[in-house]
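Visitor: Based on these hints, arrange chains B and C on the given structure of chain A.
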Amino acid sequence: MDDFTLQNPVMATYAIAACLMILKAVGMSWLTVQRMMQEKGGYRAPEDLRRTPLNPDPDPKQLAPNERVERIRRIHQNDLENIPFFLVAGLLFVLTAPPLWLAWLLLYGYVLSRLLHFAAYLTAQTHDMRATFWTVGSVILIIMTLWTLVTAVLS
Amino acid sequence: MDDFTLQNPVMATYAIAACLMILKAVGMSWLTVQRMMQEKGGYRAPEDLRRTPLNPDPDPKQLAPNERVERIRRIHQNDLENIPFFLVAGLLFVLTAPPLWLAWLLLYGYVLSRLLHFAAYLTAQTHDMRATFWTVGSVILIIMTLWTLVTAVLS
Amino acid sequence: MDDFTLQNPVMATYAIAACLMILKAVGMSWLTVQRMMQEKGGYRAPEDLRRTPLNPDPDPKQLAPNERVERIRRIHQNDLENIPFFLVAGLLFVLTAPPLWLAWLLLYGYVLSRLLHFAAYLTAQTHDMRATFWTVGSVILIIMTLWTLVTAVLS
Chain A
785 MDDFTLQNPV MATYAIAACL MILKAVGMSW LTVQRMMQEK GGYRAPEDLR
835 RTPLNPDPDP KQLAPNERVE RIRRIHQNDL ENIPFFLVAG LLFVLTAPPL
885 WLAWLLLYGY VLSRLLHFAA YLTAQTHDMR ATFWTVGSVI LIIMTLWTLV
935 TAVLS
Chain B
785 MDDFTLQNPV MATYAIAACL MILKAVGMSW LTVQRMMQEK GGYRAPEDLR
835 RTPLNPDPDP KQLAPNERVE RIRRIHQNDL ENIPFFLVAG LLFVLTAPPL
885 WLAWLLLYGY VLSRLLHFAA YLTAQTHDMR ATFWTVGSVI LIIMTLWTLV
935 TAVLS
Chain C
785 MDDFTLQNPV MATYAIAACL MILKAVGMSW LTVQRMMQEK GGYRAPEDLR
835 RTPLNPDPDP KQLAPNERVE RIRRIHQNDL ENIPFFLVAG LLFVLTAPPL
885 WLAWLLLYGY VLSRLLHFAA YLTAQTHDMR ATFWTVGSVI LIIMTLWTLV
935 TAVLS
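Protein chains in written order, with the working numbering: chain A, 785 to 939; chain B, 785 to 939; chain C, 785 to 939.
The following block holds chain A by itself, in its conformation from the complex (with noise of 0.2 Å):
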């Protein structure tokens, strides 16, 4: 069939979207090894206290949680409950055939959302602001469900 190609601007659209959140997601790890490096702390597993080239002076303190390493952590995790379901509803929702504006809107407005859930969450906004983008994301994803259960349900 034709929809599940990169030639179908839908799924192109997913998959621009879908790649975006990876490297988001991907991108958490790897801000939490640099603030790791930077506070030479937040380690969590028992051996990370050995003397090695990356941690040439091992401390028993360095195993305490560290705050600018758990806030990363904490948004990995936001990343972890919501991401993997974006993926694989996004892609779900392609096989229904949306018209593109509608993929255009759900799939880049979800992209948005995260990424300014993540802005927010990194400089600490209050709670209220977090919510927000949080649940603007979380509304996509169930509609994007929600619109692929019923189309499989009908088919």
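None of these hints come from the bench; they were simulated from the model.
Since the structure is predicted, the reported quantities are computational estimates derived from the model, not experimental observations.
Some hints could be false.
One copy or two, it doesn't matter: identical chains are merged, so the pair holds either way.
Calculated pairs, DSBU-like style, for lysine-lysine (alpha carbon to alpha carbon, straight line, at most 35 Å) [claimed, not checked]:
no., residue 1, residue 2
1, K824, K808
2, K845, K808
3, K845, K824
Guide: Only chains B and C this time, still in chain A's reference frame:
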């Protein structure tokens, strides 16, 4: 090819099961929010103690773990450990063109096992009951994955 | 289209890599169960202290963190941060119709990097060795995602 459309009954079965599981997992986020609002606690980020319209009377105790909230977080974490892998394993299982009765049995059986696991965990049934429902789902997931692996290796 | 069937060698390669990674991640759940049974501890839910056939002699210490169990949980969490994104990135990578040798290199290279990461983490090798294997996998994931993103943008 014809397998990868919602006109294929096996694919439609997968899409329905996948949408239900996505809604289930996303529902855990909303249930966490609901319980955090009921308990006015179980928050995690230091900035959540700022006075805002959603939190008019902040109190440092709001950052302490709250068992009613933590219960949903444990259920959610269990979803994250299982459902994303089901979503991809199920999709690949469709590509092997299994008989429809088998797709029904495995895909809807998985959904049922996860809903029962949720009910048992939410109401704090014994570990043994919860573990039984989890095991059913995990074994289904392993069967689908092995089936797909063997089919792909032999293809 | 012909890309999205197991008759396409690139798709079959992806399916094999994906199934191996799903089994790996699900295996962490079973390894956690096995270690919880060996240690008779490392439990997390208050109701797990009830006397049941699987836990005939409950003890409050069973809810304390147990390092042998926590090690598997950390490995599992690392899987959750990586493998779901690999599963979707790999699927979209197939849609770009890459040369078979490149698909082999990236997809099986990723699987190998994760298995080595697991071996290093399980046996508590230095952070530097574990980080090296993680980095190889994460870079492969980023390459596949960027490749797909560029292909989708140009399509």
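Visitor: All the hints need checking, so say for each whether the structure fits it.
Guide: Against the structure, the hints come out as follows:
For the homomeric pair K824 and K808, the shortest alpha-carbon distances inside one copy (24 Å) and between copies (31 Å) are both at most 35 Å. Taking the shortest Cα distances, K845 and K808 sit within 35 Å of each other both inside one copy (30 Å) and across copies (32 Å). Taking the shortest alpha-carbon separations for K845 and K824, both the intra-copy value of 10 Å and the inter-copy value of 29 Å come in at or below 35 Å.
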